[in-house]
Amino acid sequence: MDYQGGNIGRVFVLKMDHGDNILDEIETFANAESITSAFIFMLGALSEGNVVVGPEKNQMPPTPMWFRFSDAHEIIGVGNIFKENGKPRIHLHAALGRDGNTNTGCIREKNEAFMVTEILVLEVDGLEAERVHDEERGFSPICFRK
Amino acid sequence: MDYQGGNIGRVFVLKMDHGDNILDEIETFANAESITSAFIFMLGALSEGNVVVGPEKNQMPPTPMWFRFSDAHEIIGVGNIFKENGKPRIHLHAALGRDGNTNTGCIREKNEAFMVTEILVLEVDGLEAERVHDEERGFSPICFRK
Amino acid sequence: MDYQGGNIGRVFVLKMDHGDNILDEIETFANAESITSAFIFMLGALSEGNVVVGPEKNQMPPTPMWFRFSDAHEIIGVGNIFKENGKPRIHLHAALGRDGNTNTGCIREKNEAFMVTEILVLEVDGLEAERVHDEERGFSPICFRK
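Chains as they are written, first to last, in our numbering: chain A, 1 to 146; chain B, 1 to 146; chain C, 1 to 146.
The hints are simulated quantities; they were obtained by calculation from the structure and are not laboratory data. This list has only true hints and no planted wrong ones.
Heads up, the list lumps identical chains together, so a pair's fine if it works in one copy or across two of them.
With a Cα cut of at most 20 Å, we get these calculated EDC-like pairs of lysine to aspartate or glutamate:
id, residue 1, residue 2
1, K110, E25
2, K87, E135
3, K57, E112
4, K57, D99
5, K87, E33
6, K83, E33
Using the sequences and the hints given, assemble the complete structure.
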């Protein structure tokens, strides 16, 4: 475990409209506001989406299992924005439910808002953190510069 | 997508007691403290509840599907409080699980705390935001005044 | 319902590494930084875990139902840290999903990070709050001193 302390910076409320691609929109926002470190919290619904719902086995690099849907799912999400190679990278996990069942995982590719999706962004100031790709393990952990 | 920036205002920790109707209690709190813009985060359990778990079809206005239960479910939730017609309106999504299965959706009507439910409220200052009803689409999105 | 107001204090980002016992690590962090009141938000994955997924019946003290797993699950979580008998006590709920199904509940005992788990800690200053055990009801609610 590694950690670093900071302070709350700016706070933003984002409203996704029906049909918005939420990862694209968050990325556009992050570029426009020069976000380097932030956590995000989400509620709403998606009309279609793509979610990694676990690795096939407990091994790295992982072989992702996908859940892809095109019927509306209700969602809650927790994620963050850190830079990787100078660009904002969004890591966003969500529980996505519909009529008695829920999938939980990492939202990727195209995810379209159904009606509305609302997001709180808490900027964290004072960190020296960015994502650095680890080829062997197949992901990009947050690395703190100290 | 639309967004607005602000700052963190007051912070509150709410403890719901066994049997509390959580939406009523949050509304009472919001009126007592004159909350106009806030996000909320929740963990706990409900002994009974009512949740919209998606629209029947991908069309607006949506026909809601309901999950109604009276056996205790463990929960996590993300939501917010914005005013609509001058009154605090609570929009609260949750994942609600029990013994191997989870439903995810929008908590409405009566939802009673089992043992305890704990809530963090982060007030967001500096926004000009309120919910405005959209009759045609059947919901009340957050609208930013600029 | 009972509540108390405060302010955001320090903010921390914690990165759990593959194999870390997340509750032990959060406790180590809380002791090192003398955390008395905080909320935590989590995303990542667990290679194995132990979760209370509801009481058997709607009665107190509850008889917990357990979900124990050793295949990787994707997670989102919301929790808090308050002191009980002078020591930090972590209360952490999560939705944990894998390949089409999700469990939601209270994470306890050993829970090992798979690849990475990322956590935001928001300290809440200005509260007079701690957990006090209630033997009859079988849990330790947050109590506000006023």
